[in-house]
Each structure stands twice: as structure tokens, then as C-alpha cells.
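Protein chains in written order, with our numbering: chain A, 1435 to 1911; chain B, 1435 to 1911.
Please keep in mind that the hints were generated in silico from the structure rather than gathered at the bench.
All values derive from a computational prediction rather than experimental measurement.
Any given hint could be a false lead.
Where chains are identical, the list cannot tell them apart; a pair therefore holds if satisfied intra-copy or between any two copies.
[What the hints assert, rightly or not] No more than 20 Å apart at the CA atoms, straight line, and that leaves these computed lysine to any residue pairs for SDA-like: (1) 1829 / 1505; (2) 1842 / 1893; (3) 1850 / 1503; (4) 1604 / 1803; (5) 1677 / 1445; (6) 1868 / 1895; (7) 1742 / 1859; (8) 1502 / 1471; (9) 1508 / 1745; (10) 1677 / 1875; (11) 1772 / 1609.
Number of protein chains: 2
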Amino acid sequence: MWEIDKKSKQPIYRQISDQLREKIMKGEYTPGSVLPTERKLADQIGVNRSTVVHAYDELTSIGLIERKRGSGTKVSTQKWGISPAGSPNWKAYVDSGAFLPPHPLIQKIHELSHNKTLWNLAGGELGPDLFPGSLLKPQYDKILGPEELFEDEDPQGYRPLRETIARHMKVTYNVDTTPDSVMITSGAQQAIYLMTQCLLSPGDAIAIEAPSYYYSLPLFQSAGLRIFALPIDEEGINPEDVKTLYQKHRIKLVFLNPIFQNPTSVSLSEKRKRDLVDMCRSLSIPIVEDDPFSLLSFEGKTGQLMKKMDESGNVLYLGSLSKTVGSNIRIGWLIAPKPVISRLMDARNQMDFGLSIFPQLVANYFMRSGKYEEHVAHLVSELKNRCDVAISILKRHFSDFLTFHEPKGGLYIWLKLKIPIQESRLFHQAANNKVILMPGSVLGASEGFIRLTFARLSKEELEKALEAFRKTLIQLI
Amino acid sequence: MWEIDKKSKQPIYRQISDQLREKIMKGEYTPGSVLPTERKLADQIGVNRSTVVHAYDELTSIGLIERKRGSGTKVSTQKWGISPAGSPNWKAYVDSGAFLPPHPLIQKIHELSHNKTLWNLAGGELGPDLFPGSLLKPQYDKILGPEELFEDEDPQGYRPLRETIARHMKVTYNVDTTPDSVMITSGAQQAIYLMTQCLLSPGDAIAIEAPSYYYSLPLFQSAGLRIFALPIDEEGINPEDVKTLYQKHRIKLVFLNPIFQNPTSVSLSEKRKRDLVDMCRSLSIPIVEDDPFSLLSFEGKTGQLMKKMDESGNVLYLGSLSKTVGSNIRIGWLIAPKPVISRLMDARNQMDFGLSIFPQLVANYFMRSGKYEEHVAHLVSELKNRCDVAISILKRHFSDFLTFHEPKGGLYIWLKLKIPIQESRLFHQAANNKVILMPGSVLGASEGFIRLTFARLSKEELEKALEAFRKTLIQLI
Ligand SMILES: Cc1ncc(COP(=O)(O)O)c(C=O)c1O
Ligand SMILES: Cc1ncc(COP(=O)(O)O)c(C=O)c1O
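Isolated chain A (complex conformation) (with noise of 0.2 Å):
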């Protein structure tokens, strides 16, 4: 029985949801048990089709009912399944918004990471022997007081540390910069989502190299961007693709990895820095510098960066201590204009009021201290033992299945097969033979490339590593 008054302030449409909702909860349609059609239904109470289909739009909103193509409407079984009454539909809920959770070779990777029996060569990061706690702990020792550990909450980031990162940029880099164009962020990432957020709106076109680190994350697609690729080759990317890419899709930002890129290892050229900067300024687009690789050099040299090159602000530089001293530290930061910076600080005020006092004090005495160079300089040599390492048995025992460029800094070698395997069967197989690989298409590769992280392992792990995907490879050719 419906009782609807055409009368009433209250809309028909909501009167027929209150209703229904009511019936539902009273018992009288069950979970799971089918509901008038809505023309039938319109009929029925007096009203217009569209009135009933706004009423169950409603309710489906709310995760009440369900309606599937072909089979009508149904009351969700979902809602009462195994919750009791009342419990909210967390279906519905976590529906909305716009994250998009991460691939799902990503997930497996994740799951995979935590079996500490396998060889993981394919995570991002450093391994944990390469981390400099007992380099650290002498700098929180030095934490003293209150009144230090009080400083005002700034959304920009420890002023002390925004000095100290300002110097860096000047003694490693020449760049000169303030402190006050200097915000310390969580991590390279965070700095990334609040550029997203903020300077770019759902629809606005991007472009960024192909193969890249970029396409293991769904941010940009969660963002509602359109990613346009540029293909890199020894040199890196070329710039005359930018300004196709600009000329098509008016691309309004352009993010790049251009030193020891993830996951190609490969430099962009001197040449092809001062020509992409010249570009993108006569293009007034900007241009991320993401720049997490350039200390770890195997040849003491990396080239300049964009944002030294850059003289009318169009460089956004992004640097990181996620690749030089660990990632769980959670220490970044973004060279940018005041505007730009004062744009993300108002965002970020609204998502976590700034970063935690305790990382940004210790990586303030790291960094000043003199002990990080040092510590570079030893995790560098660390790393190309283990890159030689990795290389020799490449080269000794690959050479039937696949070709590489030698990188000549950061943490990869990016391996390219010469035999067709399908690369589900090549990373199930080879995680049964107790190694981790990254394949290639999650980077926004095509089949056939494999990322290999030396960093994470010893050299003896990385040997047998390397003999169970050889091994691998065997089985599966």
C-alpha cells in the first residue's frame, strides 16, 4: 500500500524512497527479492515513470537496492548479507571519490614483498643493509629539546631544513633558490599529488616518457588527466614530441624523470635539456624536473638539471631522500614559485596540516652534518659493485635471452627480451622459482621488457637470483 500526497511539501519522489525504505526494512521486501518494475510500479502509485525511476535511483544510491540490466530491481543482498541491520553499505560508500586502486600486478608484487624467502628484484627501493641507520641515530641523538621539537607547525616544511636543502641545491647543483621557494613534502609523491590537485583539473592533458615509473601509480588516471606518452630512446626523450603533443593536446604540464629515469636508467641529453627548456618556455608550459637519481652516479657526473637551465620559472624541480638515504623516511621536496607554493600549502592544510616534526629534524642534521655525502658516496660505490655484478651475469649468461643498455647510475638495468613470453607466465614462474620481477607493461611498456633493481639485494643474493630467472627463462622458452 503507498500513500502518497501530491499535496505534501515533501517531493513524490522522496515520499516513494521513504516509503520503500520502509518496506524494506520492515521485512516486507526481503534481501535479495525482486521489485516492481518501474513503469508497473508508476502505474500502480499514480505518477510518472520518471518520478519512480528518481526514487530508486536514490536508493541505489545509497547501496539499498540494486538494478541490473535485463534483471529489474532487486533489494541488495550485499546490505544484509553478513553486517548486521544497520550497517551502513561500505560498498556504496567507498565507491565514491576517485581512487583508483593500484594494478593489480602492483598488489601481487606488494604481497609478494613481504616473503622475505624471495630475491625481490622488483621493487623501487633500496635495500635495507644500504640504509644508514647507525648514520642516523648519532642525528636524533642531537634532537634536543622542547622547544626544537615545538617549532610552529609550518605547511611548508621546518624552516632550518628548507635552508639546509636550499644550500644543497646551491653547493651540489649551482641552482639558486630560498628557502622560502623551497616545501618539504612527503616524499617526491605527495608533491606530485598536490601538482595534480592543484595546478591541473580533470580533462587537462599531461604528457610523460614512455616507458615510466609514472604508470605504476593510478594517480594520474585517478585524476581524471589525459596522459599522452613521449617515447624514450638513448638520449631520452625529444623535445620536438612536447611540442607535437602541445600543438594536438594542448598538454598543460609536462613530468619527467630526465637523470638514471625510472625505469630505463637512460640520461637525458645535455642537448635535449636546453632544447626541451627553450621549448616548454616558448610554449609557456611547465615542466616537472622529478629528480630522485641524480646523486647516484657511477661516474662522479650527471649532467645539469633543467631547473639550473631554467630562467623564466618554468622548471618545478622535485628532489627526494627516498633513493639516497631510504624511502621510509618520507622526505621530499618542490623548488617552485611562491605561487605555486602558496597554491599547495592551502591544499595541503586541508589534508594533513604538514608533515611530522621528527623526520624533517633528522634529515636536517643529516644533511648538515657532512655524514650525507659521505654516505652517498659509499652507497654509490655499493651500488655500481652491485650493478657490475649484475651486469657481468647478464652478460656471461643472458645473452641468449636479452638485451640491456649498461645504465650508468640509480638502481636498474631495463631488460628487454628477445624470445615472446607472455608476461603473466614469466612472473608467476618466476616467483615459484623464488624471484620477483617487475615486467615492463606496468611501466607503460610494451610485452617484452623486464625492470631489474639491483639495489635491493647482496651480491651473493643477486647471483642466485639471477640463476633462478635464468632458470626461468629456461623453463619457460
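Place chain B with the ligands on chain A using the hints.
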């Protein structure tokens, strides 16, 4: 940041113009960007307005900046004739996205807070002298080696800390939960942000208390939510109002701060808590129980958590160390059903990859050491002392001007003026008398209320601050 040396041989205006020039050169101010007004910059640096005029004149004469009547002073675009064409139009970029800047008065309060010669009755945090720096030090001394620091990143939070928090919820509130239902966030704020992003869509309706701390943040507005108010009386909000709002506006989530509410210090009565939990269960609406203050009871009891009364998983609980340890530690936690947690983790993986391990280790050791409870006991007795001092002064000297209820815990006294005074006049006159006040309108109240924080000043300072506040009232009436 300006570094003016009043003893230098160089005239002050020259120091200003030199530093401004440098800021422009280094890209802190880009071509076309607007400079502070003369008055504002003069205030900021602490010089006469005429000095800034002189400095601006100088830079205008060399064409580096431009002054237009009515539209203020800008960095010249012409000067950059050739290169500047390429500087992106940052204004257009930063207009993207949906982050509203904070309320102008909040910004002003924030600025004034840097001036340590003013008495701060406005800030929402504990004062520096209440920060347990000396108790935390032994905690981070215990943070040992690489293994621990190098814990694999976990976007849900460091597992041992999640275990500690589950135990804390049991011991302190008799709430049963599991480490898997706990997510560690960068303060409660990040949890609130994540919920608005993941559980709600633009256009959705929510209900919050009025007045409320939430009005001081543009968070919900930025997320495009429709916000409906739940008025507060001496027993907190009225559960029937939630029902009415549901019927009228289909509110999807209720955000509440039920214990020692910010700013009223009112606690929701036990009966209303129960009614509310029942009501929300019958409507299937989740309640966010935002609870930073429950440990700060002056009478040793705070009643039950709604989370404890909740049998259907309707209540999402938010805890924080911000009001018991310090806001700078940035440790908060959410207790929620699995689907909610995993959704929020997807989002967080795109935002910042999770929290730094440092504050998590410190919090974990501190909360497990037994020292945390000791510290809270000490903190509460100190807060009660300060509150008593404030109350007795208010009773003795302010009875002509205002009324209030005595708080039973928390950090705030909510003052109602007996005589109407325009809020901005009150605020500015108070600042002239060296007191920073928080006008109630910023917190969603009608004119004529003030939130007084007794937690930031020592008893002696409180006395002086209140004396200056009284002087202000007398001047304005
Ligand atoms: C190119 C690149 N950018 C950004 C990041 C994110 O780094 P962070 O840990 O600083 O957030 C990574 C991490 O792998 C990376 O490789
Ligand atoms: C009611 C309420 N919720 C949340 C917060 C944010 O706290 P946190 O520092 O934990 O992010 C505050 C801080 O003032 C608050 O008063």
C-alpha cells in the same frame, strides 16, 4: 623571509630592494605576480611604510616592478621581454583544482601567532611548555638499528604501533578492535581528508555540529559537500536533528566531536550518545567520532565512546596525539571496517605512500612505555590549573561582559558576549593590546562568541592576557 639589519650601514630601503630583487631573480616572485602592499610589507618587516615606498620606487625606476593605481604592485613582465614570454601563467594554473584558501581571519591569526610577544588565546593547540620533549627523548634513543627503521612501508601504518593503539583502545575505553582495523594517519586531519575524498562525492550532504572546529577549515567546502548544521545545547547535539536532516537532505555522514567539543567544550550526554548510535543505525548513516580530547577530563571520567556502543560498525573512530602530546608529531588513527580502510589506503598510496617511520616509532615506544599515561595525568592537572585560573578571573572581572559554562575537560572556554561588539573591531583592538583572540564566527557561530584557549599560556601569561582582553572590552564598549 626578510633579513633586515637595522644597524647596518646600508639604508634599510636598500636592504629591502636588494632582497626583493634577489627574490625576483631566484624565481620566488615570477613575472606578473603581485607583491605585498606597501603597508603589509612594512608590517611584516617591521618598518615604516615610507621605507617600503622608497624601496618599491627604486625597483620601479629600474623597471623590475610596476605599480598601477588600484591594482597594486607587480613584478614587471616587460623587463623579461625575451625570456619571460615563457614563464607559465601561474595564475591560470593555480586556479585549477578545488582547494579553497583558509578563512582570512584564520590566516591573520596564523600570521600573528609567529609574533611571540603577543599572548595567544586563539590557537587550538597545547603550549610549548606542555610538550613532553624530555619524555620523548629516551623513546627515540631506543630506536635502534636499520632493521627497525627500515620496516617495509605500510600505507596502513607501522604494524607494532597499530597493535599498541588497539591495546590502548581496549585498556582505556574498553573498545575491542584489531590492528587490521586501525589506520595510522598524519593527524586526525588526514583521516578526515581521506574520508571526504573516498567516502563522499561532490554534492553529498553531511551534518556537523554548530559551532564546530570544522568551520575553520575549508575542507568540506573544497570537497563540494553540502554542509548542514546540528545545533548544540548543554548536552550536545540533538539526535532528532540528525533524523530531520536525513529526511530533508539525505545526509550521508555525520562528523561529530562528542567529548569536550571544540570550541564549546560540551560533551554529548550518555543518553544522547545511545540515541544517536541507534538513530544512525536505523538510518544506516555512518558517524565519525572525532575524539582528540577524551583523555583530557578534569574529573577523571568522560563516559563511554560511541564506538563502544556501536554494534553494527556504524561508528568510524578518530584518535590523535595532537592534544595529548603535540600537534607537531602528526600521529592520528582511524578505526573503521575493512572496506573503508582498504579504500582509504588506495587513496593514500597515491597521496604520500604513508607516514614517515620516525614519528610512528617514537609514538609506539612512548605509548608502550607507560610514560604516556603518566604524562597525560600531569598534563591534565596542569590544564585544570590553568582553566581554574582563567575561570576565576573571568568570574571576578568579566561578569559584566560575558557568560560561559565551566568546561569539565579539554582546552577551551566558550565565551558569549553580553554586549554586541563587531567581531573584526574586537579582534583588531585586542591585537593592538597584544592579545590574539579567536572570534566565534570563524567556527560557525553567530556574532558575539569567542573561543578562549587556556592551554597555550602559563598562569602568569593567562593573567596578563586576560587583563589585556578586559582592557579591550572596556575600550570598545
Ligand atoms: C621517478 C620517481 N619519482 C618519484 C618517486 C616517489 O618517490 P618518493 O619516495 O620520494 O615519494 C619515485 C619512487 O620510486 C620515482 O622513481
Ligand atoms: C575536533 C578536532 N578534530 C580534528 C583536529 C585535527 O587534529 P590533528 O592535529 O590530529 O590533525 C582538531 C585540531 O584542532 C580538532 O579540534
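Status of the hints after comparison with the structure:
1. 1829 / 1505: Answer is neither: 49 Å inside a copy and 66 Å across each miss the 20 Å cutoff.
2. 1842 / 1893: So residue 1842 and residue 1893 pass the 20 Å test inside one copy only (18 Å; across, 62 Å).
3. 1850 / 1503: neither (42 Å within a copy, 58 Å between copies)
4. 1604 / 1803: So residue 1604 and residue 1803 pass the 20 Å test inside one copy only (16 Å; across, 43 Å).
5. 1677 / 1445: The answer is between: 17 Å across copies meets 20 Å, while 54 Å in one copy does not.
6. 1868 / 1895: within (11 Å within a copy, 65 Å between copies)
7. 1742 / 1859: Cα proximity of residue 1742 and residue 1859: none, with 45 Å in one copy and 48 Å across.
8. 1502 / 1471: within (12 Å within a copy, 61 Å between copies)
9. 1508 / 1745: Answer is between: at 18 Å across copies they meet the 20 Å cutoff, but 60 Å inside does not.
10. 1677 / 1875: neither (26 Å within a copy, 51 Å between copies)
11. 1772 / 1609: within (17 Å within a copy, 47 Å between copies)
Checked against the numbered hints above, the structure breaks hints 1, 3, 7, 10 and satisfies the rest.
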